[in-house]
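Asker: Going down the list, the sequences are from chains A and B. Add 4 to a position in the first sequence, counting from 1, and you land on the number used in this note's numbering. Add 4 to a position in the second sequence, counting from 1, and you land on the number used in this note's numbering.
It should be emphasised that the hints constitute simulated quantities derived from the structure, not laboratory data. Small disclaimer: the values here were computed from a predicted structure and weren't measured. Don't take every hint at face value.
Treat identical chains as interchangeable: a pair holds within one or across any two.
Unchecked claim - Below, computed lysine to any residue pairings styled on SDA-like, alpha-carbon distance capped at 25 angstroms:
id, residue 1, residue 2
1, 127, 103
2, 69, 103
3, 423, 205
4, 72, 105
5, 331, 19
6, 106, 205
7, 106, 67
8, 258, 301
9, 182, 311
10, 378, 293
2 protein chains.
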Amino acid sequence: MADNLRSQSKLKEMALIVQKFGGTSVANPDRIKNVATRVAKYHAAGDQVVVVVSAMSGVTDGLIKMAKEIMPLPNEREMDMLLATGEQTTIALMAIALHALKVPAVSMTGAQAGIVTDGVHTKAKIQNITPKQVRSLLNQGNVVIVAGFQGQTHEGQITTLGRGGSDLTGIALAAALKADLCQIYTDVDGVYTADPRIVPGAQKLNEISYDEMLELASLGAKVMQSRSVEFAKKFGVVFEVRSSLNDNPGTIVKEETRSMEGVVIRGVSLDKNQAKITLISVPDRPGVAAAVFKAIADANINVDIIVQNVSHQTDAPSTDISFTVDKPDLLKANKVIESLKESIGYRAVTTNEKIGKVSIVGVGMRSHPGVAAKMFETLARESINIDMISTSEIKVSVVIDLAKGEQAMRAVHEAFLGK
Amino acid sequence: MADNLRSQSKLKEMALIVQKFGGTSVANPDRIKNVATRVAKYHAAGDQVVVVVSAMSGVTDGLIKMAKEIMPLPNEREMDMLLATGEQTTIALMAIALHALKVPAVSMTGAQAGIVTDGVHTKAKIQNITPKQVRSLLNQGNVVIVAGFQGQTHEGQITTLGRGGSDLTGIALAAALKADLCQIYTDVDGVYTADPRIVPGAQKLNEISYDEMLELASLGAKVMQSRSVEFAKKFGVVFEVRSSLNDNPGTIVKEETRSMEGVVIRGVSLDKNQAKITLISVPDRPGVAAAVFKAIADANINVDIIVQNVSHQTDAPSTDISFTVDKPDLLKANKVIESLKESIGYRAVTTNEKIGKVSIVGVGMRSHPGVAAKMFETLARESINIDMISTSEIKVSVVIDLAKGEQAMRAVHEAFLGK
Numbered sequence: 005m006a007d008n009l010r011s012q013s014k015l016k017e018m019a020l021i022v023q024k025f026g027g028t029s030v031a032n033p034d035r036i037k038n039v040a041t042r043v044a045k046y047h048a049a050g051d052q053v054v055v056v057v058s059a060m061s062g063v064t065d066g067l068i069k070m071a072k073e074i075m076p077l078p079n080e081r082e083m084d085m086l087l088a089t090g091e092q093t094t095i096a097l098m099a100i101a102l103h104a105l106k107v108p109a110v111s112m113t114g115a116q117a118g119i120v121t122d123g124v125h126t127k128a129k130i131q132n133i134t135p136k137q138v139r140s141l142l143n144q145g146n147v148v149i150v151a152g153f154q155g156q157t158h159e160g161q162i163t164t165l166g167r168g169g170s171d172l173t174g175i176a177l178a179a180a181l182k183a184d185l186c187q188i189y190t191d192v193d194g195v196y197t198a199d200p201r202i203v204p205g206a207q208k209l210n211e212i213s214y215d216e217m218l219e220l221a222s223l224g225a226k227v228m229q230s231r232s233v234e235f236a237k238k239f240g241v242v243f244e245v246r247s248s249l250n251d252n253p254g255t256i257v258k259e260e261t262r263s264m265e266g267v268v269i270r271g272v273s274l275d276k277n278q279a280k281i282t283l284i285s286v287p288d289r290p291g292v293a294a295a296v297f298k299a300i301a302d303a304n305i306n307v308d309i310i311v312q313n314v315s316h317q318t319d320a321p322s323t324d325i326s327f328t329v330d331k332p333d334l335l336k337a338n339k340v341i342e343s344l345k346e347s348i349g350y351r352a353v354t355t356n357e358k359i360g361k362v363s364i365v366g367v368g369m370r371s372h373p374g375v376a377a378k379m380f381e382t383l384a385r386e387s388i389n390i391d392m393i394s395t396s397e398i399k400v401s402v403v404i405d406l407a408k409g410e411q412a413m414r415a416v417h418e419a420f421l422g423k
Numbered sequence: 005m006a007d008n009l010r011s012q013s014k015l016k017e018m019a020l021i022v023q024k025f026g027g028t029s030v031a032n033p034d035r036i037k038n039v040a041t042r043v044a045k046y047h048a049a050g051d052q053v054v055v056v057v058s059a060m061s062g063v064t065d066g067l068i069k070m071a072k073e074i075m076p077l078p079n080e081r082e083m084d085m086l087l088a089t090g091e092q093t094t095i096a097l098m099a100i101a102l103h104a105l106k107v108p109a110v111s112m113t114g115a116q117a118g119i120v121t122d123g124v125h126t127k128a129k130i131q132n133i134t135p136k137q138v139r140s141l142l143n144q145g146n147v148v149i150v151a152g153f154q155g156q157t158h159e160g161q162i163t164t165l166g167r168g169g170s171d172l173t174g175i176a177l178a179a180a181l182k183a184d185l186c187q188i189y190t191d192v193d194g195v196y197t198a199d200p201r202i203v204p205g206a207q208k209l210n211e212i213s214y215d216e217m218l219e220l221a222s223l224g225a226k227v228m229q230s231r232s233v234e235f236a237k238k239f240g241v242v243f244e245v246r247s248s249l250n251d252n253p254g255t256i257v258k259e260e261t262r263s264m265e266g267v268v269i270r271g272v273s274l275d276k277n278q279a280k281i282t283l284i285s286v287p288d289r290p291g292v293a294a295a296v297f298k299a300i301a302d303a304n305i306n307v308d309i310i311v312q313n314v315s316h317q318t319d320a321p322s323t324d325i326s327f328t329v330d331k332p333d334l335l336k337a338n339k340v341i342e343s344l345k346e347s348i349g350y351r352a353v354t355t356n357e358k359i360g361k362v363s364i365v366g367v368g369m370r371s372h373p374g375v376a377a378k379m380f381e382t383l384a385r386e387s388i389n390i391d392m393i394s395t396s397e398i399k400v401s402v403v404i405d406l407a408k409g410e411q412a413m414r415a416v417h418e419a420f421l422g423k
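Isolated chain A, as found in the complex (with noise of 0.2 angstroms):
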């Protein structure tokens, strides 16, 4: 039992797990008392708990409306402020679901345990952590809950870490007390090969690097924010991602392994939420590039892929610029670009929402050469056509007509990872 619990790694017989659970797993009182069960069978095992809850889902929606009412733009400080109180009520009712079971638990917001953070309002950087009290609390034989997403200055100021925050804490108190292993709980089983809805053969991977995760994680694969893999990765937090919703494992996230590498392609995603803009018979000449994306930067736009043709003329030398951003980015960068008109002298510009991204991931293929151009020969077989390319060491992503994005990511992943 406990040992499926702890699923593939090898822990000690009693370890220090820390437990996140986000707003869908403890969405009513019914699925805070499913989850203290859970914890409670850790504790009963032996294992000291540290659990991470994020605002039961919707409550965090519904207090963002009431000062939408009240003022269309309101203060980030108050902002803060206000929806810590999501966190600190799951924390709260997760104590009472233990007390319930008979496992002694103490709730701490994030100030009371120790998360320090800058002062950047709703987007706060975790500055450092002192789990003093967490520590004793947990020596005392207690499951500590503690409030995800939210911190407090030095000057106790209560701040919240932004989107993907709760992962965040989860992952960072695990760092700060050294625990043998953080579980970030997900209404997915893990992290597969690809979509399983998409690709019905998409196998769950039993472990996958930091940096592949990373890639899957940009690359539209929505199991974590980037942010919190970069962390883990920069204190070498070994998570496991897996489902609140059973006990099966899930997937081990930690560093590159020699046996990581024998694998080359670890995952297909595709990402239908991108939008292409070509600026066309752009003047060739130095400086231009800088401009546009200087500009479109200055929006706070973010762009992924951008490709440049050759020029098509010697004597008045032009060129073709394509790049993606995120399709609800694609008015705002279109406007950007249009201001440009004049000054850049391009002759028209288009768009296209239309389009797929289609992406393979595997630090394998750094020792294996080829794997693009196997990627590019299955594509061509299914008659797809390469729109966009973009490469990085650990990955290749193309983009595709949009309507052949599923049939790509099938053929990709049956030419790599079929068995």
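Following the hints, position chain B against chain A.
Answerer: Just chain B, lined up with the frame of chain A:
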């Protein structure tokens, strides 16, 4: 305008005012905006304003309901952690509502405002307040919004103050800040000579002494808990009870002044929430009453009026003992009494829920003999039988048939306060 707002009190040009708003005044974003508009007027008039708020009405009950769904008797420390979120939500929304009116405002939890309590969770007592931060924010021109009902122990544990806790926060902050005025906003216009719904001729009092207010509070006039009035009396905090629904001046509660003694009776109250228990034919020997009321007190039941009649016989002296308790405690009290039947040896016990307690209150009656007699005569003229009588230096209470309670109240009000 500002004069009307400031009511009868003679305030300096720029005053420091503490304003407390209860749950119904902040029940939703619209009402929060209304309160903000009121606060903004004081701020615009140059006053320094500290706003104390309760949880939005319904919020606390909703939190309690969730906790009890998980466990019938949840841990008190965790209940404090849970319930403190209610006021924290309101302070943030109130700050945002003031920002929407371009009024600089900063919210503070009880802990941040320097409210230090003992560690008795769910009914903590304020030990001291160090409002350094509050004062500094006021001096920078901010309205400071403080979460009512909550504090923090020296060790950093979140506590709540129990029933009437937000009033107490307001009055205690006014004391600590040496505020010029403390305003308790509620849904009535102030303190009346009697409940205007029962006595059409009831008049709003311009002022009332702490002691009179205390008697009224304990006699069923539900304006405020005794506890906050006692605190105000102890620290000499002058406060005003007034309506959050209009700009009418309210009732100033303060130390007794010579002029108050000219008025014999300050008010008439009717308490319908009492029930009577009578022990019939109790052996009239020493220690019997002690045994009865020790057992009742051990069961944590408050007794209001106690009456013991003279003995019936001289050979085997026996007597009747009657006392009143809050109606919800009647069953429990009856059980306690029945458990004593053998050891005490009374003949029978009867209970009566259909009683009403009519009281007159006024510091002036000390120097005006015959007040009680006039009250009894008035009731006799109305053919209302008196069941029990209880007096203090500044009040006379009679227990009568509940059905005649309102009639009695009107007659007594007419006799003492009619125009």
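Asker: Pop the pair residue 69 and residue 103 into one bin, within, between, both or neither, using alpha-carbon distances up to 25 angstroms.
Answerer: between (33 angstroms within a copy, 17 angstroms between copies)
Asker: Within, between, both or neither: how does the pair residue 423, residue 205 come out at a Cα-Cα threshold of 25 angstroms?
Answerer: This pair counts as within: shortest intra-copy Cα distance 9 angstroms, inter-copy 91 angstroms.
Asker: Pop the pair residue 127 and residue 103 into one bin, within, between, both or neither, using alpha-carbon distances up to 25 angstroms.
Answerer: between (33 angstroms within a copy, 21 angstroms between copies)
Asker: My question is about residue 182 and residue 311: at a cut-off of 25 angstroms on alpha-carbon distance, are they close within one copy, between copies, both, or neither?
Answerer: neither (44 angstroms within a copy, 68 angstroms between copies)
Asker: Between the shortest in-copy and the shortest cross-copy C-alpha distance, which are at most 25 angstroms for residue 106 and residue 205: within, between, both, or neither?
Answerer: Cα proximity of residue 106 and residue 205: none, with 43 angstroms in one copy and 58 angstroms across.
Asker: Indicate which option fits the pair residue 331, residue 19 if close means a Cα-Cα distance not exceeding 25 angstroms: within, between, both or neither.
Answerer: neither (44 angstroms within a copy, 54 angstroms between copies)
Asker: Between residue 378 and residue 293, at a C-alpha cutoff of 25 angstroms, which is it: within one copy, between copies, both, or neither?
Answerer: Close neither inside one copy (31 angstroms) nor across copies (98 angstroms); limit 25 angstroms.
Asker: With identical chains, the pair residue 72 and residue 105 could be close in the same copy or across copies; at 25 angstroms between alpha carbons, which is it: within, between, both, or neither?
Answerer: between (39 angstroms within a copy, 14 angstroms between copies)
Asker: Quick one: residue 258 to residue 301, C-alpha cut-off 25 angstroms, is that within a copy, between copies, both, or neither?
Answerer: neither (32 angstroms within a copy, 63 angstroms between copies)
Asker: Is the C-alpha distance from residue 106 to residue 67 at most 25 angstroms within one copy, between copies, in both cases, or in neither?
Answerer: Between. Shortest inter-copy distance 21 angstroms satisfies the 25 angstroms Cα cut-off; intra-copy 33 angstroms does not.
Hint check: violations occur at hints 5, 6, 8, 9, 10; the rest are consistent with the structure.
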